[in-house]
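Enquirer: Residue strings, one per chain:
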Amino acid sequence: MDDEDYQSPPWRKWLVNRFVMTPLIILLIAGAWDLYANTHNSGLVEGTVVDAAGNPVAGADVTLWTFNFTTFSEKGRTTSGPDGRFTFTDNPSHHIQVSATKPGVGSSQRRPIRLFFQSQDTRIQEPFVLSGGA
Amino acid sequence: MRHYPRWPIHLILLVASFIMLVPFYWVLKTSVSGENIFTYPPNIIPRNPHLFYYVDVWYAIPFARYFLNSVIVSVLTIAANVIFNAMAGYALTRGFRGKNLVLMLFLSCMMVPFQATIIPAYLITGKLGLLDSYLGLALPQFSTIICIFVFKASFDAVPKSLIDAAKIDGLSEWRIIWKVMMPLAKSAMATNIILSFIWSWNNFLWPLIMTRSADMQTLPLGLSRFLSYQEDTTGALYAFCVMVLAPGILLFLLAQKEFIQGLTSGATKG
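These protein sequences, in sequence, are chains A and B.
So the first sequence is residues 1 to 134, counted in my numbering.
So the second sequence is residues 1001 to 1270, counted in my numbering.
Bear in mind the hints are in silico, worked out from the structure with no lab data behind them.
Do not rely on the hints blindly, as some may be mistaken.
Stated by the list, open to error - The calculated BS3-like cross-link candidates involving lysine-lysine, where the alpha carbons are at most 27 angstroms apart (straight line), are:
(1) A:Lys102 to A:Lys75
(2) A:Lys13 to B:Lys1186
(3) B:Lys1099 to B:Lys1127
(4) B:Lys1179 to B:Lys1257
(5) B:Lys1179 to A:Lys13
(6) B:Lys1257 to A:Lys13
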């Protein structure tokens, strides 16, 4: 036993070792993730609808599909605003698909979107391009 | 003294390590890529890796509940193994009438598979009213013969004079175990902890038979349930495997030095 062992308090030996510190660090990371998930899970899904030329499309029907065990089922519908933006506020899932359509302008492909936790607030960066409606 | 080059043994060890680690890498790779295991030619580096299969597993079954169940059962098993095996191991280092018979009995019991005793184990657990409970899940694994011998080998290495000195100081047999023997048998304790954890964590048959409610199921049962839920789920299945394996691997990595010492203690003289 060296001098350091005599000087260090007993709790240090029990707490500062790999058997305690490793689970503690894992718990801290899990806690931080849980905190983040609980403050970013209002079910918000935002995106933009544009036409083939890249102009915003107002009044497009946007559909949200959620993964239901083995298949995707329709969860909700909304309409894009004047700037082509749409918002869903009640997405309950972590595995969704979104599609947009407007008569006369065209339809977008149904796009799968994966989230890291259920109801995660997300903004879809790539706009939904409507085509094939002429 | 002639020194032989070390590189041949290092090369052999590297090749052996590679062979042993490839399956782990493959499971990890498939869990982030979802690539079909029969894809030819196989991709060594995962294409478009992501963590969403882990998210799928988390929500497909009550993973947190199963994980908690497995942790509780494993902690019970570990605590009981360390206490009971230490007591049995210490008893076997002492001289008493019929000791060799007991040793023979232990060794012969090792040859009886658990499947052969599962019906009496179930009936006893049922009579005790422990079916579908944490204690009932852990009970058949409260003591394992291999781990008793690990403790015995470790205690055998302690000089008799130390035990005699403890007796002269007035320590009872009980306190000799906990105050003298156990601090000297840390590696045996680590071996007990790791082995009992792995056996408890991976146990499938006993929880399958004795749990009745879905809330009491452990992770191996959850894996089986998950397979019955979804068929086309290569990535999620491998992600589940990683999530089940990770605690065991972590525990082994944390205590590997003590584990190896525990397994080899008593193997050599001097």
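Enquirer: Decide, hint by hint, whether the structure agrees.
Expert: Structure-based check of all given hints:
1. For the proposed pair lysine 102 (chain A) and lysine 75 (chain A), the alpha carbon gap of about 19 angstroms is at most 27 angstroms, so the pair holds.
2. At roughly 15 angstroms between alpha-carbon atoms, lysine 13 (chain A) and lysine 1186 (chain B) fall within 27 angstroms of each other, so this suggested pair holds.
3. Taking the CA atoms of lysine 1099 (chain B) and lysine 1127 (chain B), the gap is about 31 angstroms. The hint is violated against a cut of 27 angstroms.
4. Taken as a hint, the lysine 1179 (chain B) and lysine 1257 (chain B) pair is honoured in the structure, with Cα atoms around 23 angstroms apart against an allowance of 27 angstroms.
5. Distance check on the hinted pair: lysine 1179 (chain B) and lysine 13 (chain A) sit about 18 angstroms apart at the alpha-carbon level, within 27 angstroms; holds.
6. A distance of roughly 18 angstroms separates the Cα atoms of lysine 1257 (chain B) and lysine 13 (chain A); the hinted pair therefore holds under the 27 angstroms criterion.
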